[in-house]
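Participant: Sequence:
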Amino acid sequence: MRLNHVALVCSSEQRADDFYEGLLGLRKIKSSVLGKDLAEQIFEIPRECPILLYGNDNFAVEVFVANRAPGSASPFVHLCMEVRNREEFLGKCEAMGLTVKRVPKGDFLLTFVQDYDGNLFEIKELAA
Numbered sequence: 032m033r034l035n036h037v038a039l040v041c042s043s044e045q046r047a048d049d050f051y052e053g054l055l056g057l058r059k060i061k062s063s064v065l066g067k068d069l070a071e072q073i074f075e076i077p078r079e080c081p082i083l084l085y086g087n088d089n090f091a092v093e094v095f096v097a098n099r100a101p102g103s104a105s106p107f108v109h110l111c112m113e114v115r116n117r118e119e120f121l122g123k124c125e126a127m128g129l130t131v132k133r134v135p136k137g138d139f140l141l142t143f144v145q146d147y148d149g150n151l152f153e154i155k156e157l158a159a
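The opening residue of the sequence shown carries number 32 in the working numbering; numbering runs sequentially from there.
If you're looking for bench data, these hints aren't it; they were derived computationally from the structure. Incorrect hints may appear among the rest.
[What the hints assert, rightly or not] Okay, derived cross-link-like pairs now, DSS-like style, lysine-lysine, Cα gap no bigger than 30 angstroms in a straight line: (1) K132 / K59; (2) K132 / K61; (3) K61 / K155; (4) K136 / K123; (5) K59 / K123; (6) K155 / K132; (7) K136 / K67; (8) K155 / K123; (9) K67 / K132; (10) K136 / K155; (11) K155 / K67; (12) K136 / K61; (13) K59 / K155.
[To be verified] Estimated spans, in silico, between C-beta atoms of each pair: (14) V64 / V108: 31 to 37 angstroms; (15) D68 / L39: 30 to 36 angstroms; (16) E156 / G53: 23 to 29 angstroms; (17) G122 / D68: 36 to 42 angstroms; (18) D68 / V131: 15 to 21 angstroms; (19) P81 / M127: 32 to 38 angstroms; (20) E44 / E156: 28 to 34 angstroms; (21) A158 / P77: 30 to 36 angstroms; (22) D49 / E125: 38 to 44 angstroms; (23) N35 / E75: 34 to 40 angstroms.
Where is the CB? At the ideal position from N, CA and C, for every residue including glycine.
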């Protein structure tokens, strides 16, 4: 198993740039927008949200730009893991009584698992 990325929330792109590029020295790899429909299906938030991806060869941070009170929990926060056999892993999760979300996105299927305390994990297939 390998950790793919960590997703966090920042209140503005400028603050994210200042921290992740300025302080940590990561490069901004991608800017995109999570559409309203996907945001609602995955995170139960019915609105678009800008997403910024920062990283280097060993580390990636996915930043959701959203207003929230400092220290408050955010439904966007999740860990993304890569596993060797995603469907086998998801089957094991279901057998353990965990909540599994399968969300179509074009030709792809996004998959998420909630642990027993509601923490969210995105599950991807480990590239061969």
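Participant: Look at each hint and say if it fits the structure.
Facilitator: Verification of the supplied hints:
Proposed proximity of K132 and K59 is supported: the alpha carbons are some 29 angstroms apart, at most 30 angstroms. Between K132 and K61 the alpha-carbon distance is near 25 angstroms, which keeps this suggested pair within the 30 angstroms criterion. A distance of roughly 19 angstroms separates the Cα atoms of K61 and K155; the hinted pair therefore holds under the 30 angstroms criterion. A hinted pair counts as satisfied when its Cα atoms are at most 30 angstroms apart, and K136 with K123 qualifies at roughly 23 angstroms.
Between K59 and K123 the CA atoms are separated by roughly 35 angstroms; this puts the pair beyond 30 angstroms, and the hint is violated. Between the alpha carbons of K155 and K132 the distance comes to roughly 13 angstroms, so the proposed pair stays at or under 30 angstroms and holds. The hinted pair formed by K136 and K67 meets the criterion: a straight-line CA distance of about 12 angstroms does not exceed 30 angstroms. Taking the CA atoms of K155 and K123, the gap is about 15 angstroms. The hint holds against a cut of 30 angstroms.
Under the criterion of a C-alpha separation no larger than 30 angstroms, the hint pairing K67 with K132 is consistent with the structure, at around 17 angstroms. Simply put, K136 and K155 have alpha-carbon atoms about 14 angstroms apart, close enough for the 30 angstroms limit, and the pair holds. At most 30 angstroms may separate the alpha-carbon atoms for a hinted pair to count; K155 and K67 meet this at roughly 22 angstroms. Under the criterion of a C-alpha separation no larger than 30 angstroms, the hint pairing K136 with K61 is consistent with the structure, at around 18 angstroms.
A hinted pair counts as satisfied when its Cα atoms are at most 30 angstroms apart, and K59 with K155 qualifies at roughly 22 angstroms. Between V64 and V108 the beta carbon distance is about 18 angstroms. The supplied range of 31 to 37 angstroms is therefore violated. The hinted window of 30 to 36 angstroms between D68 and L39 is violated, with their beta carbons roughly 23 angstroms apart. Checked against the given bound of 23 to 29 angstroms, the beta carbons of E156 and G53, roughly 34 angstroms apart, lie outside it.
Here the CB-CB span from G122 to D68 is close to 27 angstroms, at odds with the stated 36 to 42 angstroms. Restraint check, D68 to V131: a C-beta distance of roughly 19 angstroms satisfies the suggested window 15 to 21 angstroms. A hinted range of 32 to 38 angstroms holds for the C-beta pair P81 and M127, which are about 35 angstroms apart. Between E44 and E156 the Cβ separation comes to about 30 angstroms, which falls inside the hinted range of 28 to 34 angstroms.
The hinted window of 30 to 36 angstroms between A158 and P77 holds, with their beta carbons roughly 33 angstroms apart. A hinted range of 38 to 44 angstroms holds for the C-beta pair D49 and E125, which are about 42 angstroms apart. A beta carbon spacing of about 22 angstroms between N35 and E75 contradicts the range 34 to 40 angstroms that was offered as a hint.
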